[in-house]
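J.: Protein chains in written order, with my numbering: chain A, 315 to 651; chain B, 315 to 651; chain C, 315 to 651.
Simulated from the structure, these hints should not be mistaken for lab results.
Accuracy of the hints is not assured; some may be wrong.
Copies of the same chain look alike in the list, so a pair counts if it fits in one copy or across any two.
Heads up, simulated DSBU-like pairs for lysine-lysine below, C-alpha to C-alpha not over 30 Å straight-line [stated by the list, open to error]:
#1 Lys578 <-> Lys648
#2 Lys637 <-> Lys424
#3 Lys575 <-> Lys462
#4 Lys350 <-> Lys400
#5 Lys648 <-> Lys400
#6 Lys483 <-> Lys351
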Amino acid sequence: MQFTGANILSVNQFDADAITQVFTIADKMQPYAHRKKRTRVLDGAILGNLFFEPSTRTRVSFGTAFNLLGGEVRETTGMESSAIAKGESLYDTARVLSSYSDIIAMRHPKAGSVAEFAEGSRVPVINGGDGANEHPTQALLDLYTIKKELEHHQLSVDGMHICMMGDLKYGRTVHSLSKLLAMYKNVHFTLISPRELCMPEDILGLLDSAGHRVTVTERIEGSMDADIVYQTRIQQERFASLQDADQYRGKFRLNHEIYTKHYKPNTVIMHPLPRDSRAEANELDNDLNQNPNLAIFRQADNGVLIRMALFALTLGVDHLLEKYETDVVWHSEKANI
Amino acid sequence: MQFTGANILSVNQFDADAITQVFTIADKMQPYAHRKKRTRVLDGAILGNLFFEPSTRTRVSFGTAFNLLGGEVRETTGMESSAIAKGESLYDTARVLSSYSDIIAMRHPKAGSVAEFAEGSRVPVINGGDGANEHPTQALLDLYTIKKELEHHQLSVDGMHICMMGDLKYGRTVHSLSKLLAMYKNVHFTLISPRELCMPEDILGLLDSAGHRVTVTERIEGSMDADIVYQTRIQQERFASLQDADQYRGKFRLNHEIYTKHYKPNTVIMHPLPRDSRAEANELDNDLNQNPNLAIFRQADNGVLIRMALFALTLGVDHLLEKYETDVVWHSEKANI
Amino acid sequence: MQFTGANILSVNQFDADAITQVFTIADKMQPYAHRKKRTRVLDGAILGNLFFEPSTRTRVSFGTAFNLLGGEVRETTGMESSAIAKGESLYDTARVLSSYSDIIAMRHPKAGSVAEFAEGSRVPVINGGDGANEHPTQALLDLYTIKKELEHHQLSVDGMHICMMGDLKYGRTVHSLSKLLAMYKNVHFTLISPRELCMPEDILGLLDSAGHRVTVTERIEGSMDADIVYQTRIQQERFASLQDADQYRGKFRLNHEIYTKHYKPNTVIMHPLPRDSRAEANELDNDLNQNPNLAIFRQADNGVLIRMALFALTLGVDHLLEKYETDVVWHSEKANI
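Using the sequences plus the hints, can you model the full thing?
T.: Have a look at this one:
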């Protein structure tokens with residue numbers, strides 16, 4: 315894959331080599347993200363951070379990643395008052411706004427809209443989520459996290475066992491992650507969801523034809539023997555009736571008791587965030603906050619590294635990071651933590 | 315005209331010399347805007363980008379122009395929750411907010427509000443549109459575009475023929491552009507609009523007393539022999555009745571068929587944007603998108619150059635651009651376009 | 315007090331030494347804020363400017379202060395669409411967003427929320443106002459202004475006479491300021507408010523036990539002989555009935571006539587801003603705008619200095635300001651003012 319000048323629209327663009335390339339550059343970003351050193355390689359470049367649908371953490375993560383490389387950020391949030399609402403085409407919006415920046419990160423509620431925008435854009439476009447369709451940087455940061463967490467336990471993605479639990483039908487993140495994982499070898503997928511919300515057939519077919527072992531179930535039972543548990547939200551409105559929803563309430567929850575009973579002591583816990591940690595949400599409870607295997611905040615941290623890597627690659631400066639290094643003279647560690 | 319430290323509130327401030335000065339500096343901005351070189355002349359300066367009325371493209375254009383000169387941008391959008399809504403005077407707002415930046419770009423829905431704000435401001439204020447009143451940077455970018463497009467065809471503003479079509483009564487942009495064009499010689503204006511929406515008398519008087527030829531009409535007929543066609547939107551709500559609106563529907567539209575029938579093969583097509591390109595809008599159709607004479611996106615590009623020039627002139631750094639030049643090390647061209 | 319890495323959550327953290335330290339650094343910030351010189355000491359650092367409740371002037375003041383030290387700003391405004399609204403805990407939000415910046419300035423409508431957020435944050439957090447609870451940078455800028463204004467008249471905080479007028483019950487700023495002033499010697503407080511809106515007992519107790527003279531009254535009478543008059547807003551909805559409100563209307567107003575009649579010719583006039591300067595507001599009138607003792611805009615200016623000082627101290631770069639100095643090459647003074 316040729317990164318320089320490319321749009322990043324879908325996980326389908328990535329083969330094993332491209333993923334290795336992104337992860338290698340992401341590794342190089344660690345000292346900059348952790349404030350050991352600075353790089354000003356993109357000093358003077360401008361990111362157009364176009365969030366036609368609000369998403370605080372994804373928006374700020376893209377902006378921070380660009381700032382950490384030395385660049386500037388121009389933003390727009392929401393679209394109530396934008397020209398699009400007055401009948402402007404995405405083509406026109408793209409032609410105009412793409413002349414205001416060197417690269418664009420874009421989120422939009424409509425599936426396919428980011429690709430449509432990219433056709434009119436004069437600069438590379440990175441998909442920050444287009445409705446139910448794709449969110450490739452989330453999938454890449456999830457895979458990067460899995461790889462790092464497993465390496466920490468002297469394991470690898472090849473041969474691992476991952477449990478995905480919750481709404482596997484509408485959960486965009488588990489679909490994209492599954493596509494990326496399909497490129498690895500001998501992965502065991504255990505897919506735990508209500509029957510109404512099970513993994514779509516096309517994903518199951520992809521995993522099957524790639525030779526992975528897939529177990530589909532409606533409940534956690536006995537020892538899951540999993541290396542990773544990837545928890546997602548189940549939204550009540552996905553069920554036909556409140557009765558259906560009530561029937562499943564709590565069966566797809568993860569908390570300290572359930573984790574201890576069904577998982578290994580070092581099974582890594584992931585979630586795409588934000589999580590609803592209120593007790594009545596039955597999702598992923600706060601009583602796991604002190605568990606060292608809870609990787610959900612490391613996922614968010616890794617998102618910055620992945621986005622930095624994609625910016626550096628698409629703008630063709632991944633080999634120039636060290637050349638523009640400077641020292642960090644301030645201290646951002648908390649004194650009392 | 316003395317630019318350093320001046321507010322830019324109205325096109326009436328500009329004489330021929332001032333326009334020449336702005337356009338000369340705008341020409342110098344091309345290599346920076348096109349990423350051939352960088353200048354950090356405003357490194358450390360802060361733009362207060364105060365959009366009390368949302369306008370994504372104008373806001374981002376001002377911000378980008380300031381970033382391209384090396385400066386930082388602090389922004390505010392909308393005013394629902396601002397102090398103004400709690401009874402604060404524009405004078406107070408100006409006194410406070412103007413101490414947070416080196417220069418201000420401001421849009422506000424109320425005519426005259428930007429000038430009122432400028433009286434309280436301690437730093438120069440550039441009007442980014444104050445209701446029905448003025449939008450001087452739009453008029454300057456329109457004039458700059460006309461000059462550049464005509465030069466491309468070995469023509470000049472003196473002696474040209476421009477058709478303005480659509481709502482000429484409420485269209486702020488055509489009024490301001492007409493005032494600027496009045497300073498040139500022997501321009502032929504053809505003004506095409508429904509009778510209810512014709513050009514105001516004061517503008518007609520100005521053009522007449524400056525010796526220009528003005529043709530007023532309600533329809534396009536035969537060969538228009540125009541060098542420029544400047545299309546604007548007609549909003550249905552401007553008519554007394556739906557019947558009146560229906561009567562005119564489609565008569566002030568520009569599309570491939572109408573263009574080919576009535577205009578010369580190289581007549582330049584302009585529009586202040588955003589355009590409603592939905593078929594039912596009857597405004598400026600997408601079937602002209604591939605026509606090389608469609609200058610609407612070049613207008614938007616030129617807006618950045620004009621705003622960069624005004625920032626450099628009002629902050630007194632127009633002679634220092636080259637001194638703070640650095641190289642551009644990234645590549646923002648799309649690989650596949 | 316150890317500043318490096320510390321959260322700034324409450325005025326209660328500050329002793330006399332800490333205040334001296336902040337004010338000494340604030341003094342050093344004057345040439346940077348007044349554009350005589352620049353410092354790039356925080357070049358590459360990122361401020362997370364998290365305003366979960368909108369406040370244009372406080373938000374922009376924090377952002378500008380960080381830019382003036384050379385840093386970048388990533389912002390969020392409002393919380394309707396944020397993850398918090400979807401059930402995310404402040405702990406989760408803090409863990410995620412704090413990995414996107416080097417320091418955080420935060421405003422939130424709920425009392426105690428900023429301290430709660432700070433517990434989850436990995437970087438220092440500065441409280442930009444948490445509901446009715448605290449707004450420590452406002453209190454510090456108020457105290458800094460009092461000190462500077464009095465020094466201008468060869469007076470000091472010790473031994474001064476301050477009148478506080480208006481809503482002293484719900485006015486967060488007068489509570490915090492009183493706590494800071496309590497650390498000085500022999501201050502005379504005259505507290506003028508309707509009985510329903512008088513200063514809370516705990517503040518009165520604090521001032522009394524620190525040996526200050528406190529006069530409580532419901533009206534201005536005769537010569538007030540004050541060095542400072544600190545005016546706050548009375549909101550009609552604070553009264554039990556419209557009749558009660560009407561009874562007090564205008565009795566806690568400050569305008570030219572009242573000032574001349576009751577105060578000394580050089581009594582300094584302060585207000586936390588924004589003020590409602592409409593005539594019917596009966597608050598602080600525009601007819602005092604030309605009075606040189608009106609310090610309300612100098613308060614806002616000083617806010618930038620105080621915030622710069624707190625950023626430099628918490629990030630441990632207060633001793634490096636001069637090392638990263640550069641020249642200012644642009645001119646931001648207005649030509650005609």
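J.: Each hint needs a verdict: does it hold in this structure or not?
T.: Checked hints:
1. Lys578 <-> Lys648: Neither way: lysine 578 and lysine 648 sit 33 Å apart in one copy and 47 Å across, limit 30 Å.
2. Lys637 <-> Lys424: Neither. Shortest intra-copy (40 Å) and inter-copy (46 Å) distances fail the 30 Å Cα cut-off.
3. Lys575 <-> Lys462: within (25 Å within a copy, 65 Å between copies)
4. Lys350 <-> Lys400: neither (47 Å within a copy, 35 Å between copies)
5. Lys648 <-> Lys400: between (47 Å within a copy, 28 Å between copies)
6. Lys483 <-> Lys351: The answer is neither: 42 Å in one copy and 49 Å across copies each exceed 30 Å.
Hints 1, 2, 4 and 6, counting from the list given before, are not met by this structure.
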